[in-house]
Structure formats: C-alpha cells, structure tokens
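Novice: Protein sequence lines correspond, in order, to chains D, E and F. Per the working numbering: the first sequence ends with 212, consecutive numbering throughout. Per the working numbering: the second sequence ends with 425, consecutive numbering throughout. Per the working numbering: the third sequence ends with 326, consecutive numbering throughout.
Derived by calculation from the structure, the hints in this document are not laboratory data. C-beta atoms are modelled at their ideal positions from N, C-alpha and C, and glycine is treated no differently. Heads up, some of the hints might be wrong.
Restraint-style ranges between C-beta atoms, simulated for each label pair [to be verified]:
hint: 1; chain 1: F; residue 1: Q279; chain 2: E; residue 2: K244; range: 56 to 64 Å
hint: 2; chain 1: D; residue 1: R54; chain 2: F; residue 2: L147; range: 54 to 62 Å
hint: 3; chain 1: F; residue 1: N163; chain 2: E; residue 2: R307; range: 18 to 26 Å
hint: 4; chain 1: E; residue 1: P317; chain 2: F; residue 2: Q282; range: 46 to 54 Å
hint: 5; chain 1: D; residue 1: S27; chain 2: F; residue 2: W150; range: 52 to 60 Å
hint: 6; chain 1: D; residue 1: K148; chain 2: F; residue 2: Y276; range: 20 to 28 Å
hint: 7; chain 1: D; residue 1: F144; chain 2: F; residue 2: P191; range: 48 to 56 Å
hint: 8; chain 1: D; residue 1: T63; chain 2: E; residue 2: N35; range: 37 to 45 Å
hint: 9; chain 1: F; residue 1: D170; chain 2: E; residue 2: E214; range: 41 to 49 Å
hint: 10; chain 1: F; residue 1: L233; chain 2: D; residue 2: R54; range: 52 to 60 Å
hint: 11; chain 1: E; residue 1: D33; chain 2: F; residue 2: N163; range: 31 to 39 Å
hint: 12; chain 1: D; residue 1: K148; chain 2: F; residue 2: E299; range: 55 to 63 Å
hint: 13; chain 1: E; residue 1: D399; chain 2: F; residue 2: P191; range: 21 to 29 Å
hint: 14; chain 1: F; residue 1: F140; chain 2: E; residue 2: C174; range: 52 to 60 Å
List time: in silico DMTMM-like cross-link candidates among lysine to aspartate or glutamate, alpha-carbon distance up to 25 Å [said to hold, decoys possible]:
hint: 15; chain 1: F; residue 1: K274; chain 2: E; residue 2: E214
hint: 16; chain 1: E; residue 1: K266; chain 2: F; residue 2: E130
hint: 17; chain 1: E; residue 1: K218; chain 2: D; residue 2: D51
Spelled out from the first residue to the last, the chains are:
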Amino acid sequence: MTAEAEKPNIITSSLDFIVNWGRTNSLWPFPYGTACCAIEFMSTEVGRYDLSRIGSEYVRFTPRQSDVLLVAGTITYKQAPILKRIYEQMAEPRWVIAMGACACSGGFYDCYCTVPGIDHIIPVDVYIGGCPSRPEAFFDAMFDLQKKIKDESYMKQRAERVKEQLEMIKAKTAEAKANAKEFAQEKVVEIKDFVKAKEQNLVKKAQFWKE
Amino acid sequence: MIVLDPNGEKLNLMPLNVGPSHPATHGCLRFLAAMDGETIVASVEEIGYLHRGFEKMVERGTWQQVIPYTDRLNYCSAIMNNIAFCRAVETMFGVEITERAKVLRVIVNELSRINDHFVCVAAAFQDLGGTTPFMYAFNPREEIMCIWEKLTGARLTNSYARIGGLYRDSYEGFEADVLAALDSTEKALKDLHACLDRNRIFLDRTVGIGKISAEKAISYGWTGPCLRASGVASDLRKDEPYYDYETYDWEVVVGTQGDCNDRLQVRLAEIEESVKIVRQALLRLTPGPVDIVDPRIRVPAHKLAYQDMEGLIGRFKSVYEGIRVPEGEYYCGSECANGELGFTIVSDGSGHPYRIKVRPPCLTQFAAFHDLVEGGQLADSMAVLSGLNIIAGELDR
Amino acid sequence: MKTAEEIFTALEEMFGAKRETLDKWGVTAIVSAGYLRNVVQFLKDTADVELDMLVDIAGIDYLTYPNHEGPRFAVSYSFKSIANPGLRFRLKVLVSEDSLKVPTLCGLYANANWYEREVYDQFGIVFEGHPDLRRLLNHVEFVGHPLRKDYPAQKRQWLSTNDYLLPALEKRLEDLGYRVVQRSKEVGTNDNEFLEGSIKE
Chain D
2 MTAEAEKPNI ITSSLDFIVN WGRTNSLWPF PYGTACCAIE FMSTEVGRYD LSRIGSEYVR
62 FTPRQSDVLL VAGTITYKQA PILKRIYEQM AEPRWVIAMG ACACSGGFYD CYCTVPGIDH
122 IIPVDVYIGG CPSRPEAFFD AMFDLQKKIK DESYMKQRAE RVKEQLEMIK AKTAEAKANA
182 KEFAQEKVVE IKDFVKAKEQ NLVKKAQFWK E
Chain E
29 MIVLDPNGEK LNLMPLNVGP SHPATHGCLR FLAAMDGETI VASVEEIGYL HRGFEKMVER
89 GTWQQVIPYT DRLNYCSAIM NNIAFCRAVE TMFGVEITER AKVLRVIVNE LSRINDHFVC
149 VAAAFQDLGG TTPFMYAFNP REEIMCIWEK LTGARLTNSY ARIGGLYRDS YEGFEADVLA
209 ALDSTEKALK DLHACLDRNR IFLDRTVGIG KISAEKAISY GWTGPCLRAS GVASDLRKDE
269 PYYDYETYDW EVVVGTQGDC NDRLQVRLAE IEESVKIVRQ ALLRLTPGPV DIVDPRIRVP
329 AHKLAYQDME GLIGRFKSVY EGIRVPEGEY YCGSECANGE LGFTIVSDGS GHPYRIKVRP
389 PCLTQFAAFH DLVEGGQLAD SMAVLSGLNI IAGELDR
Chain F
126 MKTAEEIFTA LEEMFGAKRE TLDKWGVTAI VSAGYLRNVV QFLKDTADVE LDMLVDIAGI
186 DYLTYPNHEG PRFAVSYSFK SIANPGLRFR LKVLVSEDSL KVPTLCGLYA NANWYEREVY
246 DQFGIVFEGH PDLRRLLNHV EFVGHPLRKD YPAQKRQWLS TNDYLLPALE KRLEDLGYRV
306 VQRSKEVGTN DNEFLEGSIK E
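Same shape as in the complex, but just chain D (with noise of 0.2 Å):
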C-alpha cells in the first residue's frame, strides 16, 4: 500500500460515507440489561418513544450480530467476568454504551459487591447519567455515538489494518526465515558431528586391521 492510496479521494470518502451510513442507522443494540435501567430501555423501544426511528428497533440477543453493547443496569463482580467475554465475542466495529449511573460509576451503590463503573473492565465510548437515564437521554446518547460513527473513516481504518497485517506477515517470514536458517545450521552441524565419528569411527577400523 503506498502512501497515495491513504490519502481521501474521491473514491475513498465516497465509501466512507456510504459504509458510515449503513453503519449510523441501522446499529443494532445488545442490551445486556441487568437491572432498573432495562426497564426503561423497553419503554425506550416501544410506543411513545420508538427507538426504530433511528433505526435500532432490532434488539440482538447474541453478541455476534450486534453493534452496541448497551449495559443497562448495575454490573457485579459476579457478572463481570461475562460482560467481559460477551464483550469479547463481539465482532469490530463494536461500541459500549453505558447507561445509567450504576454502569457509568457503580451509581449508590459503593459497596463490596459493585463494580465501580464497567470501564474498570471494558473500554466505553458513551456514558449516560441518570438513575435510570430517561428515554431521551438514550436517545440522546444514540446520536452522539452516530456523530462519532460518521467520524471515523473506514478506508483509514482499512488501510491500518492491511499495514497491520502486512507488518504481521513481514514479521512472520522473517522469523519463519530465521527459525529455519537455525534448524539448517544445526542439521549442517549434525552432519557434521557424524560424518567426523564416522571418519574417526573408519580410522580406528583401519588402525585395527592395521594391527
């Protein structure tokens, strides 16, 4: 990749803003709700405030075909090591919202068995205060993780990758070359050492059969 092809161009913006597009308006939530705020995402995503307008009616329940980790509610120390690994098995791009003081901040709760804000285990990219954070406070938090979604450029984030891999793959061969320049020199010093007991092995033969 050369370093023309990383500058925008008219053809690169034009993809970034076509995949940011899909991805602003239709980001579909994983809400790992876990205690009072839950209750208001459920009223978030019905009737009166129709979370569908922008285009997340489609709450995912399997981390795999999600977007946003929404953790609504109070995280445990019990709890935490599966929100970590729920986190984990998301595929990128991924975003955490975290709603609600007691996800923000462990909220009132500061106590032995609370997590002091999930961001002591998983990274976060919007925080909504509130306890529990009104609908639009959600929404609220929604559009901005759009604006941040609109920022970032896929290709820049493409050509990164495809750096990283390269480098990754450079790295590899030439490790891969140096292992194997290793093992052939201990295989040459392995002949070696044989053909030399072996030399010594007929010299002694001979002298024998001198004898």
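Please arrange chains E and F on chain D, whose structure you already have, making use of the hints.
Specialist: Below, chains E and F alone, put in the same frame as chain D:
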C-alpha cells in the same frame, strides 16, 4: 455426561447453561439443565448476579436514606416498596398517617400494581415471541409514568413515600389524569385479552406448563399472584388489612390450575381489581394534610425552617442525625405486586438502621424453579420463567 | 385458632422458650438451638396453630449493638399461617461466635434451603444437616462474610472467572435417583485472572 436412570437404563445427558445473559432470563438469572434431547431431566439455579448489597448499604445511612434504596428492589413498582418500608417504620413508631395520605397511598399502590403486572404480562409475551401485546401493554404504562413524572418528578424510581407521610401532595388535575390512565388501562386489557384468551399458540405453550400444587407452593413460601394462581385465596390486603383495604369493594383473584397460563391470567384479573379500587379511592380523596405533624418523625415543612428556630432545629436534626426509631425488632410484610415484601427491622434506637433484612417475594418463587421445569421441555422453561415474574433487583438485593 | 400469645405460653411450658423483649409489636420466642426442629415441627403440625409457611430467615450480628449481652449472632425465623390468616409468629435462636451452628429446617419447609444458604453466605453461620450449603449471593471466590459488622463495606473482591455449576447439577441428578457413570469434562477455573490491573482493594 452418561448416567443411569432410576430404572437402570443408560442415558447420555447434555449439560446446557442458560443465562445470565439470555433474552428470557433478564440478565441476572442462570440455570444449568441436564438435557435428554429436548427434555430437562434436572436443573440447578444460580442467583446473585445483581447482588448490590442493599443490606450493607442501608446500615451506613439514616432511616430516610433507605427509601431510595427500596426503590430499586422491585423497580417495576418502586412506590410500593417505599410504602411497604415506610409502613413498617411507622408501625414501630406507633403512629397513624393522615386520612388523605392513606387514600393517596392506596391510589399510587394500585397504579404501581397495574404497572408491574403489565410489565410481567408484556415481557412474558415478548419471551414467547409475540411483540404486539408488548406494545399494547406499554401504552397505559407510559400514561402512568407521565402521572409519576408530574407527581414525583421521576419516571421509574420515584421515592414518593416518606416516613410519616408523602413527599408531596398531589398536583392539580391529578384525578383527571388518573381517570384517563384507567380508561386506557381498560382498553389495553381488552386488547390483551383479545390476544391472549383464544390464541392457540399462546395457550399451547402455557396451559398445563409449570404446574404446582397449593401445598407445594405454600411449602415453598410462595405469596402473591403466583400462590393465588394455585387456588389459595391469600392476600395480605384482606388477611391483615391496612390502609382500609377491607372497606373497598374488590375481590381476591384466585386461579384453578396453578399453571403458567393461570399465573398470567390472575395478573390480568388483578389489574381489573386494582382499577376498581383506584376508582373508589378517587371518590374518597378529601382535602387535608398529607404529613403528620411530629418533628420526631417527619421533617418539618421547608417554610417553617425559615420562620422559626424550632423548625430550623427540627429540620437540621432530622436531616443530619436522622429520625430515632424506637429500639426493637419487628417484621412487617406488605402485599406488593409479586407477593409479600417483608422487612425484618432491627433498630438500636439511634439514627441509623442497625439491620434491615428484606424478604423478597421472588426468591421463594425462583427457588421452586427446578420443580416446575424438570420433566418439561426446554422451551417451556422460558414460559415458566416469565410467568413467575422474577425481578432481579429484589431477588438478589 | 390460637393467638400468638397462647402459642408462646405453650412453647414456654413445653420447650422453655423465653420472650424476646425487643419485639414490642409482635411475639418472638427465643428457643435453644437443640429444640429448634422440635419447636418448628410443633408449630407446623399442631391443630389451631398450623404455621405452614416459613416467611423469612434473617441473620443478625450484635457486634456493635449498644449494651448487648449474650451471644454475638442470632437467627430469626418468621412464620405465618395460610390456614389461619393473620397469624404470625417469630422464633429466634442465639448463636455464639465459638460454635456458629444451628440445625437446619430443610425437610420441614422447602424454601428453608435457599434462606439458610443466604444466611451462611452473609454471616458464616453453619446449618447442620443442610444438604447443599454453598454461597448463594456472593461469588465462589469471595472470602469472608460481608454482612458481619466487622467486614468493611468497601472491601471489594474480584472474581477471576465465572463459577461452574456442574457438581451441583450432578448432586441434583443423584437426588432424583440417577447415578452418574461418566462425568462430563469439567471446566476448571481460569488461572490467569483477566480482570487483573483494576482496583483490587
């Protein structure tokens, strides 16, 4: 795992983990089932995924500071928990709240019950794959939420009740709002019954599923709608009446089969009874004070704090030191949406609670879960779970 | 139907129960741990009493209670009657810090199982004869008993990996009459804590 069943036949069972992050377990419940094909042979449950230390937290604050924590026990009907706690403390003080506060508490209690039952039925439908009733049930719920917003300033976690009264009196036009909400509740009930009663898929999935006999339910300590669905007419509002519940004209709803369908139908019928109670209570709403006048218990009005010294001192002491609940131990249970919510309170006579133990209605219901699902299909366990209406906030505290 | 006072008099005569003076609003009888099962059996089976529902079991730690004399812990049982609506009764068992043992009520009431597990989890009181005394609310790697008054409220304990329930499931299968011939591969706990690096204390 390979096991020998009681007849000595070899079975190959598959352990299957469900939850805690599962759409039907609401994020906080988990069970491990040994599956023989689609049939659950044995199941064990695990809870505690939302254990937030309610009982440790309340020991650090004053008595009034407990009220916001009780909100988050059963967050579908927060006001009921406030009232249950305040009632327990008021009994310890030995005071009677004013007539208007009583009637207002009955109204908000029953509206909360409507709210809670709607969430339960809606979520049950959602878990079984029906989205439409979910939308129907949430319309009146939103209207009640609007009333909460006007009345208390919050949508979900209201903290409306206070020890010795209420946070504030109702606003102008409260009655009209409540009546409008009741109308739309009745409309939603009609819609829900249209979806529920003769829906072949729904009936196939809920009738005869998760049956429990009355004796077993009592032994498990079930209370509330789940016990009543098994045919036991036990309701604290009738058995140990408070706030003049016995003088209203309403009936205890009782099921016959004790299955999943009964538990949901009982809830819908209870909404009807609650509507009846609220309509009668609105007629009894007479003007008057909502707080008792007793600086030991209820914080003096804000106005008094600016006008005279006594009021200022009373307010200061009440806020900073907390009220002093008489020394002793007491258990007080109230009929909440899910059953009997009880508080075992130990007070050492200081401004802080010494120990408060919550008796959550959900815990006993979820403890019986393995009895309900064993021998049934895996898909039925979801119907059972949503019929029990487990609220993790009060299950784990 | 007997009143709570009459029940208490009966208990006083039969089991030497004492009146708890702190409970001014209801009737609480203090019984010794040795008699607990007999007392509960009596309360459950006697006609006119029939306290057929165990409402709650609460542990209490009297460590910082002002002017408290006697054992440090107490377990309080609340009963109510469905057959005789409105009848409630409480029992209390005092537990000293040295023994920490109370007989279990499992077998008499189905819900005693979880209630006792909770008290064990929060206070460390051992219920003798309990079929499956594990922690209920806190995680498996938790050390100590959080609701004791000497446990600091903010002492946090991280969990390295999710707990597994397979042994409990095998136990449940055996209770149902099955016999485990070949165990499934158990998922062991994770050695490298992936939650490391956050606040530990």
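Novice: Decide, hint by hint, whether the structure agrees.
Specialist: Hint check:
The hinted range of 56 to 64 Å is not satisfied by F/Q279 and E/K244, whose Cβ atoms lie roughly 42 Å apart. For the pair D/R54 and F/L147, the beta carbons lie near 58 Å from each other, so the given range of 54 to 62 Å is met. The beta-carbon spacing between F/N163 and E/R307, approximately 51 Å, falls outside the hinted interval of 18 to 26 Å. Taking 46 to 54 Å as the suggested C-beta distance range, the pair E/P317 and F/Q282 conforms, at roughly 49 Å.
The hinted window of 52 to 60 Å between D/S27 and F/W150 holds, with their beta carbons roughly 59 Å apart. Checked against the given bound of 20 to 28 Å, the beta carbons of D/K148 and F/Y276, roughly 45 Å apart, lie outside it. Separation of D/F144 from F/P191 is about 55 Å and conforms to the stated range, judged on CB atoms against 48 to 56 Å. The beta-carbon spacing between D/T63 and E/N35, approximately 39 Å, falls within the hinted interval of 37 to 45 Å.
As the Cβ distance of F/D170 to E/E214 is approximately 46 Å, the hint placing it in 41 to 49 Å holds. Here the CB-CB span from F/L233 to D/R54 is close to 56 Å, well matched to the stated 52 to 60 Å. For E/D33 and F/N163, the Cβ-Cβ distance of about 38 Å falls inside the hinted range of 31 to 39 Å, so the restraint holds. The given range of 55 to 63 Å is respected by D/K148 and F/E299, whose C-beta atoms sit roughly 58 Å from each other.
Checked against the given bound of 21 to 29 Å, the beta carbons of E/D399 and F/P191, roughly 44 Å apart, lie outside it. Between F/F140 and E/C174, the C-beta spacing of about 56 Å keeps the proposed range 52 to 60 Å intact. Using a Cα cut-off of 25 Å, the hinted pair F/K274 and E/E214 is violated, with the two alpha carbons roughly 50 Å apart. With a C-alpha separation of about 22 Å, the suggested pair E/K266 and F/E130 falls inside the 25 Å cut-off, and the hint holds.
Taken as a hint, the E/K218 and D/D51 pair is honoured in the structure, with Cα atoms around 23 Å apart against an allowance of 25 Å.
Checked against the numbered hints given earlier, the structure breaks hints 1, 3, 6, 13 and 15 and satisfies all the rest.
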